[in-house]
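S.K.: Chains as they are written, first to last, in our numbering: chain V, 19 to 133; chain R, 8 to 783.
Take the hints with a grain of salt, since some may be wrong.
[Unchecked claim] Here's a subset of chain R near chain V, in silico, CB distances under 7 Å, partners left out:
| hint | residue |
| --- | --- |
| 1 | 585 |
| 2 | 679 |
| 3 | 713 |
| 4 | 730 |
| 5 | 743 |
| 6 | 747 |
| 7 | 765 |
[To be verified] A few chain R positions that, by computed beta-carbon distances, are all more than 10 Å from chain V:
| hint | residue |
| --- | --- |
| 8 | 53 |
| 9 | 60 |
| 10 | 414 |
| 11 | 480 |
| 12 | 575 |
| 13 | 576 |
| 14 | 578 |
| 15 | 690 |
| 16 | 709 |
| 17 | 731 |
| 18 | 740 |
| 19 | 751 |
| 20 | 773 |
No lab work stands behind these hints, which were simulated from the structure alone.
This structure is a prediction, so every number in the text was calculated from the model and none was measured.
Just so you know, even glycine gets a beta-carbon here, dropped at the ideal spot from N, CA and C.
In case you want the letters, here they are:
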Amino acid sequence: MNVVLAVVIGGLYATGLYMMMRRSIVKLIIGLALLSHAANLLIFTAGGLTRARPPLIPEGANVPPAPFADPLPQALILTAIVISFGVLAFALVLIHRAYGTVGTDDLDEMKATDT
Amino acid sequence: MNIAIAVMSGFAMASAAPLLHRFLRRFARGGTVAGWLVALLPLALTAYFASYTSAIARGETFVVSYTWASGLGVNLSFYVDGLSLLFALLISGIGALIVIYAGSYLAGHEHLGRFYTYLLMFMASMLGLALAGNIITLYVFWELTSISSYLLIGFEHKKETARRAALQALLVTGAGGLALLGGLVLLGQAAGSFELPALLASGDAIRSHALYVPILLLVLLGAFTKSAQFPFHFWLPGAMEAPTPVSAYLHSATMVKAGVFLLARFFPVLGGTNEWLYIVTTVGAVTMLVGGILALYQTDLKLVLAYSTVSALGTLVALLGLGTTQAITAAIVFLLAHALYKGALFMITGAVDHETGTRDVERLGGLRRAMPITAGVAVLAAVSLAGFGPVLSFIGKELLLEAVLQVEAFRALLVAVAVLSGALFVAVASIVSIRPFFGAHVATPKEAHEAPRSLWMGPALLALLGVVIGIAPGTVGSGIVAPSVASVLGRIEPVKLGLWHGFNPALALSVVSVVIGFVIYRGWVALRTHTTSLTEKIFVWGPARWYGVILDGVFALAQRQTRLLQNGYLRVYVLIVIASTIGLVGYTFVVGGGLNANFVWTELRFYEAGIAIIILLAAIAAVRSRSRLGAVASLGVVGFGVALIFILYGAPDLALTQFLIETLTVILLVLVFYHLPRFAIFSSKRARVRDLAIALSAGALMTMLVLVANSVRFAPPISDYFAERSLPDAHGRNIVNVILVDFRGLDTLGEITVLAVAAFGVYALLKLRPQKKEGK
């Protein structure tokens, strides 16, 4: 499965980066979202994969029964998901505003508007 | 009181001086009082350093050390021996006179308080440099002198020439400073210590070290730029843009001697080899001649003196290069004598400028009637400059000639250089003393009258000292010169100074140089008017020109590079970042052995493969979609697919969050995209193919990285710790939750803050109603 996931991560990076290099500002947002999925999956696999064993401590035990999924990457990704949503929401509204003010969605034209 | 406090007191006074000045300025004559009060510190420091003389003369040394960065071997250390004491006395003693002089010279100047700050900052830095006991400490103070010199040269900051000269001095000495830093670090590595006493004791080891030549060259670069040696001499005449007290203090008596100090300081460590002998002596001798000759082509008194300072610095460097006992003694005596008379002459020039409104020799003459005291002091100091008469510099000159006569290789050449530069000194002395003060009266821009006491007192004191020490050199010889010579040579040598050395070849050469000097002076005007155009043609290609060419080149390069990289196109930035990452990571990847990981082929289940294919297809659909809604929907599919992977691999919390956030994102995108323009294709086909190639290689690289990363573990994971402590320490059974709210609770606080800021931003942007710009 690791190899398959590795390919998925690579594919998400490729599509995300390709979209970030577009001139259309709307596509930039899509690229950003794809990139954050890719990064989350990267962290997830980097911790090692364990099937269907969430890091929970059952009643009556002091430690989770081995093997269990690595909890640390999960905590990091949880933070990352929420943050990337914040970034996405802010970027969206910013672009919306910029489009309304500047009247173009072509990044090449936007570069000459801060006069 | 200890040495560290003595050095740091200068910085403290530097910050207090402007307040003092501002407070006292309100009273009548308050400005003058402030100058005297500020001068109390350097006076006290002079007395303090003087109290060390007897102990130092007995051969003792003092070390004060504070730990600074002990892991790096860097300490704030101070070290007092003969050489550092000589410099400390010169710096604080002349500093006191300069502060008093400046209070009068710049009286009424709106930034006089600031001037005191710079001046005292410089004094403290210079003291720190002279007394440093750790070569990194030394370097820090070395750079501080460059910076305070920059501030002082550019003191009249509204003048473009002053700003340019300040920058030039800073860049030239700063470049040398960088070289010096490299040299000092190598030196510390070679010796195994940055502490000066340890270094001074390991000279033989360093001279035979493999890195000796690089160390020597780097240290010499630092010394030569600071002490204005050819071909770096051009910044010193430029620095004459500074107010005259600065020229007298920094650019004749103290700072420019820092390079000489460095050579003397490191003589026991680096000196005595053939490399040292040939490089240092040659550079010094060339500078001696070039400085002396260029001095003849100036009519601005300050520039005449500046070039003769260049020549004097060359003399000192050449003597240190020779490195014999005789030469070192000559260097120390000449250094002391030069500081006294050159400081005095600069201050006299300032007094003349102050009282007549000009310092152009052509427009001055017969001032002795209007300014008798100034004229007297000028003649006294000029006798010292000429080095002929009952003065200290005469002793220095005799020692110099004796040292040169003892040289084995190239003796005739060196003797000729010494005699000629001696003659040029005599000519310069005549130019600055006879021409302005004697002969027919010449009308000046301001009606000339005698300078106030505070303007002639300092130079008079210095010039008199030169005579007194010359007539009775015993105390100074045994108390200051001998210990300094001992600390340069690394062994105690008897030093006996006296005016009369008997009828010997040195005296004969001295007489010859005086005669030549007077001949040059008699023909000076004719020489200057007839050959100026010739020298100008030569010096168009001098080092100052190269400085300009290099500086322009750097600016042009920076401009082109900025236009190339900072072009304002976001996609180009992204492209450059991605391409460089691929290049650098890919390079490491290939060098590090490439893809030789053991693939972890955990059995693949069909539904997992299905999810993977769905994610990839959805991602491609998001890229290819022509409609905004289609792209958003595909993006949602990707997000839900990722959530499914989370579920399958034991991360229910992640999956839950991902489902919620993904839903929210899709809703948000749909809402906002409705107001945004349709997807447009702006790029050319070529650009798209190029971007696709780059994006695909970045993706492939990431895939390979994931595969390699999975088979490598550098350290045991810390997750076991979390699993073990979760229940006993945090009383939670869901370890992910415990990590978020307990073990890494601060991270979560940061996350919440980021979200809150983003929410405020969104709210503010939505409320923003930008007004249309008014027409021009």
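S.K.: Hint by hint, note whether the structure agrees.
M.R.: Hints, verified against the model:
Proximity of residue 585/R to chain V holds as hinted, the smallest CB-CB distance being about 6 Å (cut-off 7 Å). For residue 679/R, the interface hint holds, since its Cβ comes within 7 Å of a Cβ in chain V; the closest pair sits about 5 Å apart. Taking 7 Å as the C-beta contact cut-off toward chain V, the hint placing residue 713/R at the interface holds, the least distance being around 4 Å. A cut of 7 Å between beta carbons decides the hint on residue 730/R: the least distance to chain V is about 5 Å, and the hint holds.
This hint holds: residue 743/R has a C-beta 5 Å from the nearest C-beta of chain V, less than the 7 Å allowed. A distance limit of 7 Å between C-beta atoms decides the matter here; for residue 747/R the minimum to chain V is near 5 Å, and the interface restraint holds. Satisfaction of the interface hint for residue 765/R is found here, the shortest Cβ-Cβ separation to chain V being roughly 4 Å, below the 7 Å cut-off. Every CB of chain V lies more than 10 Å from the CB of residue 53/R, the least distance being 59 Å, so the non-interface label holds.
Chain V leaves residue 60/R outside its interface by the beta-carbon criterion, the shortest separation being 66 Å against a cut-off of 10 Å. Against the 10 Å criterion, residue 414/R stays outside the reach of chain V, whose nearest CB is about 68 Å from its own CB. Annotated as non-interface, residue 480/R keeps its C-beta farther than 10 Å from every C-beta of chain V; the closest such distance is 72 Å. Chain V draws residue 575/R into its interface by the beta-carbon criterion, the shortest separation being 4 Å against a cut-off of 10 Å.
Non-interface call for residue 576/R relative to chain V: violated, since the shortest CB-CB distance, roughly 6 Å, does not exceed 10 Å. A beta-carbon of chain V comes within 10 Å of the beta-carbon of residue 578/R; the shortest separation is about 5 Å. At the 10 Å boundary, the C-beta of residue 690/R falls inside the reach of chain V, the nearest C-beta of that chain being 6 Å off. Residue 709/R, annotated as away from the interface, has a beta carbon of chain V within 10 Å; the closest lies near 5 Å.
Not every beta carbon of chain V lies more than 10 Å from that of residue 731/R, the smallest distance being close to 6 Å; the non-interface claim is violated. Residue-level check failed: residue 740/R sits 4 Å from the nearest beta carbon of chain V, not beyond 10 Å. In this structure residue 751/R is not separated from chain V by more than 10 Å, as the shortest Cβ-Cβ distance comes to only about 6 Å. Listed as a non-interface residue, residue 773/R fails to keep its Cβ farther than 10 Å from every Cβ of chain V; the least gap is roughly 6 Å.
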